[in-house]
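Spelled out from the first residue to the last, the chains are:
Protein chains: 2
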Amino acid sequence: MRQESPFETIKTKDASLPERTAEQISRLIVEQRLTSGDRLPSEFELAEMLQVGRGTVREGVKLLVARNVLEIRRGRGTYIASDPGVVEDPLGFAYYPDKFRLAMDLLEVRAQVEPWVARTAAERAGEADLRRLRETCAAVEQDILAERDHSVSDVRFHVAIAECTQNLVVPKLIPIITYAIRLFVTLTESRLKMETLVDHRELLEAICTQDGERAAAVMERHLDYNRALLEKLRAALAP
Amino acid sequence: MRQESPFETIKTKDASLPERTAEQISRLIVEQRLTSGDRLPSEFELAEMLQVGRGTVREGVKLLVARNVLEIRRGRGTYIASDPGVVEDPLGFAYYPDKFRLAMDLLEVRAQVEPWVARTAAERAGEADLRRLRETCAAVEQDILAERDHSVSDVRFHVAIAECTQNLVVPKLIPIITYAIRLFVTLTESRLKMETLVDHRELLEAICTQDGERAAAVMERHLDYNRALLEKLRAALAP
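Line by line, the protein sequences give chains B and Y.
Numbering follows my numbering, with no gaps: position 63 of the first sequence is 57.
Numbering follows my numbering, with no gaps: position 145 of the second sequence is 139.
Check before you lean on any hint, since a few could be wrong.
For chains that are exact copies, the list does not tell them apart, and a pair is met inside one copy or across any two.
Unchecked claim - When the alpha-carbon atoms are kept at most 25 Å apart in a straight line, the in silico SDA-like pairs for lysine to any residue are as follows:
1) 187 <-> 142
2) 93 <-> 218
3) 226 <-> 160
4) 93 <-> 129
5) 93 <-> 223
If you're looking for bench data, these hints aren't it; they were derived computationally from the structure.
These figures come from a predicted structure and were not determined experimentally.
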């Protein structure tokens, strides 16, 4: 199988020397199969291997830190990051001007993906998956009952459902398409909280009892309710 | 509506001064609604506004260039990038060791999303969308007939279908979930080319005639064929 070129991990148009060095380090990581937590060779070794100055290596490393490929542990060296190459907000949603439209379009995508995810989770979840699912469900409930912001734990619950599918890609997509939850939780305040508690509980139960049909149906209802509420809000806030 | 915090665009754990500066510049971009092609205030102005040294501003700008939020045009200044914040390979697929499994899992996701995308494209496409669709379809054909690598034009065709849906998010997701096309085109060599030509043509026709059912069915067949071929390859290459 063709070795995946790390030239594809960074835009290379008019690449500067540090950018090209970052690409070479990225290639090295792939070729040597370094994974999360592995230590990168030292600045000195990399400078030797890549035939560039140590300052250039340092610049290249900084670029890969900005891309969450590497992390610097102070006084201990440079390591491969957890989930290398996965960045926060990878589609730049923070820069979209119309957040309502973004939230509605995200809900449209979620409606296509998440009922299937819930159904597949019910069919494929293992014991460890179900344990994590119960824990993340409880964490959301605790946040809501303590009146804390539950946007982070809410996304974690949906990621935990995605992990039950055993598909490598789905848990990575969920934080992207649930981006709106962060906006939404503050927008809708407490109105959504009881429904969230009830829907999450029922989802958990459906998946734990391997009831795929019910899991998909509850997820659909959960997203429909979210959409209806968002539409009401948009109408209420319209000029 | 709550202003989206740019603190969410970059991981902030143990953030260094340049990282915090990058976040502040990112916040400025969102608050001032700067968009693609707009010019960033000068290093001097930013240093004044953020009360940091110009060297720190420069470091922060470099981080945002690495994240494709900004681009430096030599001798002309720093501008907001096109598609700000959208990076190549945002889920770090280049670092996955098992590319076959990745390709299969991506096909599973595509099978959930792309038939719906094709159907919705047929229902919502406007004249300009259809023009772009015909152009990108022709570009793939030209690449294939000239025996050039058609992986880039192939992704563009699928993105053009996604743009017909009028959903902001879908065209951004397509390059992620079609990541495997780049691996796949080299893997499968010419075996897939004729089928690709036929399927793409039929997709184009179905969308242009607003036949959503047919568009979805052709997309399903297209992905099924891809999956069957990938499975055969995996079996053939197994040790």
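Here is what the structure says about each hint:
1. 187 <-> 142: Within one copy, since 11 Å is at most 25 Å while 54 Å is not.
2. 93 <-> 218: Close inside one copy (18 Å), not across copies (36 Å); limit 25 Å.
3. 226 <-> 160: between (36 Å within a copy, 22 Å between copies)
4. 93 <-> 129: neither (31 Å within a copy, 31 Å between copies)
5. 93 <-> 223: Within one copy only: 15 Å inside, 41 Å across.
Against the hints set out earlier in the document, a violation occurs for number 4 only.
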